[in-house]
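Chemist: Once you have looked at the hints, place chain B on chain A.
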Amino acid sequence: MAAEQIEAAAEALPAGQVAFTAVGVKKHYPGVKALDGVDLQGFAGEVLAVCGANGAGKSTFAKLLAGVDTPTEGEITVTGYPHAVRNAAEAEQAGVLMMHQEPLIIDDFTVGENVWLYKLRMGRDIRPWARKVDSNSARTREVLRDVGLGHLRTDEVARTLGPGQRQMLSLSRAAVTTHKIMILDETTASTSEEHFGDILDLVRREKQAGTSIMFVSHRLNEVFAMSDRIAVLRNGTLVKVLKTSETDADEVTTLMIGQALKALDRPAPAQVEGKQPVISVRDLRGGSADGVSFDVFPGEVVGLYGLVGSGRSSVARSITGQKQAAGGTITVNGDVVQLSSPGAALRRRIAYLTEDRRLEGFVKDFDNGENMSLVVLPRMAKGGVVQAGVEKSRVRELIGEYQVKGGPKTYTRTLSGGNQQKVVVAKWLEADPDFVVLDEPTKGIDVGARSNIYEIIHALAARGKAVLVVSSEAEELLSLCHRILVMRGGRIAAEFDPEDADTDDLIRTALHAD
Amino acid sequence: MTATASAPAPQAESEPPRSRAAVDWLKGQYALYILVVLLVIASLTSDAFLSRTNITNLLLQMSIIGVVVMAQLIVVLTGGIDISVGSALGLAAVLCAGIFNGDSVVLALFVALVVGGLVGAVNGWLVSFRGLEPFIVTLGMLALARGLVYAYGEGIPIQPGAARAFADIGQATLLGVPVLALIWIGVVLLVTFLLYRTVWGRRVYAIGSNVEAARSSGIPVRSTLWSVYILAGLLVGLGGFMFICRFASGTALAGNLLELEAIAAVVIGGARLSGGYGKVFGAVVGTVIFQVIANLLSLLNVSTFLQDAFRGALILVAVALATVQFSRRRKTPAPVTT
Chain A
141 MAAEQIEAAA EALPAGQVAF TAVGVKKHYP GVKALDGVDL QGFAGEVLAV
191 CGANGAGKST FAKLLAGVDT PTEGEITVTG YPHAVRNAAE AEQAGVLMMH
241 QEPLIIDDFT VGENVWLYKL RMGRDIRPWA RKVDSNSART REVLRDVGLG
291 HLRTDEVART LGPGQRQMLS LSRAAVTTHK IMILDETTAS TSEEHFGDIL
341 DLVRREKQAG TSIMFVSHRL NEVFAMSDRI AVLRNGTLVK VLKTSETDAD
391 EVTTLMIGQA LKALDRPAPA QVEGKQPVIS VRDLRGGSAD GVSFDVFPGE
441 VVGLYGLVGS GRSSVARSIT GQKQAAGGTI TVNGDVVQLS SPGAALRRRI
491 AYLTEDRRLE GFVKDFDNGE NMSLVVLPRM AKGGVVQAGV EKSRVRELIG
541 EYQVKGGPKT YTRTLSGGNQ QKVVVAKWLE ADPDFVVLDE PTKGIDVGAR
591 SNIYEIIHAL AARGKAVLVV SSEAEELLSL CHRILVMRGG RIAAEFDPED
641 ADTDDLIRTA LHAD
Chain B
530 MTATASAPAP QAESEPPRSR AAVDWLKGQY ALYILVVLLV IASLTSDAFL
580 SRTNITNLLL QMSIIGVVVM AQLIVVLTGG IDISVGSALG LAAVLCAGIF
630 NGDSVVLALF VALVVGGLVG AVNGWLVSFR GLEPFIVTLG MLALARGLVY
680 AYGEGIPIQP GAARAFADIG QATLLGVPVL ALIWIGVVLL VTFLLYRTVW
730 GRRVYAIGSN VEAARSSGIP VRSTLWSVYI LAGLLVGLGG FMFICRFASG
780 TALAGNLLEL EAIAAVVIGG ARLSGGYGKV FGAVVGTVIF QVIANLLSLL
830 NVSTFLQDAF RGALILVAVA LATVQFSRRR KTPAPVTT
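So the protein lines, in turn, are chains A and B. Positions 141 to 654 (this note's numbering) are the ones given, in order, by the first sequence. Positions 530 to 867 (this note's numbering) are the ones given, in order, by the second sequence.
So that you can see chain A by itself, here it is in the shape it has in the complex (with noise of 0.2 angstroms):
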C-alpha cells in the first residue's frame, strides 16, 4: 500500500493548494442551459462537496472537470496540466479520477481484474506483450480490504456482485491509480450504511495524500460527514460557498431549493368521493420496491416522489406491464389483473410515458406520424391494412393539437427534448387510456414545453382520467398534483397534500433528514 500511496503522493499537490480551477464555465445543451456561468476552485487535500437539486447542474459540472463533456463556454484548468482540459482522455493524463454514478465494472471481469482495470489503458503504451497485472496478489486483496470487500475472493466474477459491492470496487481503484483530483459523482445513490464507513476511510486516505476530492451529492447527512467546504448549484449558477464547520444542514437546504418558482395554476379540485380508483395497487414488490399500496382516483393527478434507487421507477414500470412485478395485486377498474407485458397493460387502458424517451419512447427511424400513429395503427387499419389516409389525417390533427415543430414526415429524432416529448404524449393519449403514469415527464425540457405538459396533464384529469406522475422534482409535483406519495427505502414513506407541504417537507421526508 505505502509504494502506491507514494507513486500518487508523488503527482498530487501539497495541501492547500489550487488543484483545479473553473472560470466562467458555461454548458448549455439544446433547449436547456445546464450550467449557466460557475466559477469553482478546488484545493489538494480538501474534500469539496457539489451539492444541488435535481436540475441544478452538480452532474453536468462534474462531467466537465472529467472531460466527459466540454463547456460551452469558459474553462477548466488542471493545477500542472498546460491548457484546459478538453477530453477524457485529457483529463485522466492531468490527474483526474471519476468515480461515476453507474460504477464502471466490467461484468465478465473477475474481482481482481476489475481493480486493475484502469492499467490496461497506459496511454501510449500499446506494447501486446506487456505483461498484466497480477490481480491475485496479495496487493489486490489489501485494496478489496482497505474499501471492506475483503471478504471477496478475487477470482469471483463481478457479474455476482451486489449494487454496493460493484461501487466499492469501482471505488478500490483510487488505490491503483495516480491522481490528483478525485471526482465521486453521487457514488453513495447506490450503496447502503455499511459501505459508508469505507467510503469515509478511503477519502480520508485520499486528503492524507494530497487528494483534491469533489462530491457530488445530495444527501446532505452525507455531505455533512465527509466534506471540508460546500459549494451549493441551484438553475446552473453558482450560489454560494460555504464552510462545512460554519453551517448546517438547515442553511444548506435553503439555498439548494431557494425561492419557488413562479407557482402553476392549481389543478381544479378532484372529486373523489364515493368513486371506485382506477387502480389499486396492494403490497406491491419488485426490483427496489418493497410493499407499495396506493390508489388513484379518476380526475385525480398523484405525484409519486423519491429518490434516485427510492423504488419509484420500479412502481411506476411494474403498474404499467413493463416489468413484471415480483408480487403484490393490482386492481384496475375492479378487475384483479396481471399485467405480463406493455400490451396488457394496453388492454387495460393503462399507458406509460418512460423517463428515457431516446431508447423506449420513439422509434428512431420512425418520422412524427409513424411514431405517433405507433400505439393505435390496429384502429386506423381495416383487416390489417392500414388505412393511410385516416392514419395522414389524424396525424395532422394530432400535430396541430400538440404543437409539434416540424411535419408529420420529420423525423422525430431530430426535434428537441420538448417536442419529442409531445410526441410520445400524442401517441399514448392517442389510446385514450384510462390511467396514464408519466416517469419524469419534464426531464430535459425546456420551460416552454414543460407548460405544454402541465397543460395536457391537467386536461387529462379534468377528462376524469387518473394521472400518477413519478418526478424527482419536488416543486414539479407541487404545483402539478392533487396528493403526493413520497417513497424511500422501497416504501411509501408518507402522503403529503400540496397545499399544506413544500419542497422541503418532500425532500426532508425523502430523505429521512429530520
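Some clues are possibly wrong.
What the hints assert, rightly or not - Each computed EDC-like pair below joins lysine to aspartate or glutamate, with the alpha-carbon atoms no more than 20 angstroms apart:
hint, chain 1, residue 1, chain 2, residue 2
1, A, Lys-549, B, Glu-683
2, B, Lys-808, A, Asp-507
3, A, Lys-583, A, Glu-635
4, A, Lys-504, B, Asp-837
5, A, Lys-173, A, Glu-230
6, A, Lys-583, A, Asp-209
7, A, Lys-166, A, Glu-242
8, A, Lys-583, A, Glu-613
9, A, Lys-463, B, Glu-741
10, B, Lys-556, A, Asp-505
11, A, Lys-380, A, Glu-186
12, A, Lys-347, A, Glu-362
13, A, Lys-272, A, Glu-282
14, A, Lys-259, A, Asp-274
15, A, Lys-272, A, Asp-247
16, A, Lys-415, A, Asp-388
17, B, Lys-808, A, Asp-505
18, A, Lys-583, A, Asp-572
I should point out that these hints are in silico values taken from the structure, not numbers from a laboratory.
Modeler: Okay, now just chain B, sitting in the frame of chain A:
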C-alpha cells in the same frame, strides 16, 4: 442541406413538392447507379447480353434468388440475419422432388412450403421465444438442413416423377416473360404490400429500429418476430419449388451459398444490417446487380473462380459506397429546436 437552403418555401412544414421529393429519392439510389453503369458496360462489351435468349436466361436466374432476397430482407429489417436460406432451399427442393415421388406439381409445391415454413418456424421460435442470436441459430440450421439434403439424396440428384410437368412450368412464358420471373414479381409485390401497407409491416420496422420502444408501445414483439421468420421460411420453400421447376432435379448442392448472395443483395440495396431501415426496391436492384454481373462475367468467358472474386469485390465496393451515402445523410437534417 442544399435542398432546404435553396428553397425557403413559405409552407416548409407541408409536404415537399413532388419534383423535390423525386430528386431527394434519386440522391439515395447508389445501387441504382451501379446497376445503370453495369447495364451500359454489359451492352457495350457483349453483343449477346441484350439478346432475347440471354435476357430470358437472366430473368430465370434472378427469379429464384430474387424470392430468397425478399425472405432475407424481412429478416434483416428486424435486425436479424438468416444464413440458412441456401440450405433450407436445398432441403425444400429435394424433399418436394422426392416425397410423394414428385408425381404432382401441386403436392410438391405444398411440400416445399411446409418444409420451408417449418425451418423458418424453428429458426423464428429459437430467435424470438428463446432469445438466441439469429446468426448462431441459422448457422446451426444451415448445417442441419444441408446435412439432411445429403442424407436424403445420398449424393444422387433426385428427379421428380413428373419431371416433364415441372420443366414445363420452368420454361413456360406469359407474354414473353418466364412464369418463374412472374412468381418473383408477385412475391416482390406481396412483400411490398406487407411491409408498407400493413400494421404488421410497420411493426417489423419498429422492432428492427428500436425493439425497446416497440415493446414499450405494446407491440407483440415476439410473435411478430416469429411470423417474420415463418414468412421468410415459406418464401425460401417457394424458392425450392422454383428450383425444381428450373432444373428438374434436386442436387445435393441445390441452393449452396445462396445465403451470401441474398445477404449481399439486401445490403447493396441499402438495408441496414442492424435493422429498421431498408427498402424493397433497393433489395430488388441489389438482386439484379448480382445476376447481371454473374451473367456478364460468363458471357465474357471469365473463369468461374475469378467470377467469385469479382462478386466479392462488388460487395465491398457497394458497401463502401453505402457508408459514404450514410455519413453524408447524417449531416443533412437540421435539428428543429424550440
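Chemist: Each hint should be assessed against the structure and marked as holding or not.
Modeler: Hint by hint, here is what the structure shows:
no., hint, in the structure
1, A:Lys-549 - B:Glu-683, "violated (56 angstroms)"
2, B:Lys-808 - A:Asp-507, "holds (16 angstroms)"
3, A:Lys-583 - A:Glu-635, "violated (23 angstroms)"
4, A:Lys-504 - B:Asp-837, "violated (37 angstroms)"
5, A:Lys-173 - A:Glu-230, "violated (25 angstroms)"
6, A:Lys-583 - A:Asp-209, "holds (19 angstroms)"
7, A:Lys-166 - A:Glu-242, "violated (24 angstroms)"
8, A:Lys-583 - A:Glu-613, "holds (9 angstroms)"
9, A:Lys-463 - B:Glu-741, "holds (12 angstroms)"
10, B:Lys-556 - A:Asp-505, "holds (18 angstroms)"
11, A:Lys-380 - A:Glu-186, "holds (17 angstroms)"
12, A:Lys-347 - A:Glu-362, "holds (16 angstroms)"
13, A:Lys-272 - A:Glu-282, "holds (18 angstroms)"
14, A:Lys-259 - A:Asp-274, "holds (11 angstroms)"
15, A:Lys-272 - A:Asp-247, "holds (18 angstroms)"
16, A:Lys-415 - A:Asp-388, "violated (46 angstroms)"
17, B:Lys-808 - A:Asp-505, "holds (13 angstroms)"
18, A:Lys-583 - A:Asp-572, "violated (23 angstroms)"
Hint compliance for this structure: hints 1, 3, 4, 5, 7, 16 and 18 are not met, and every other hint is.
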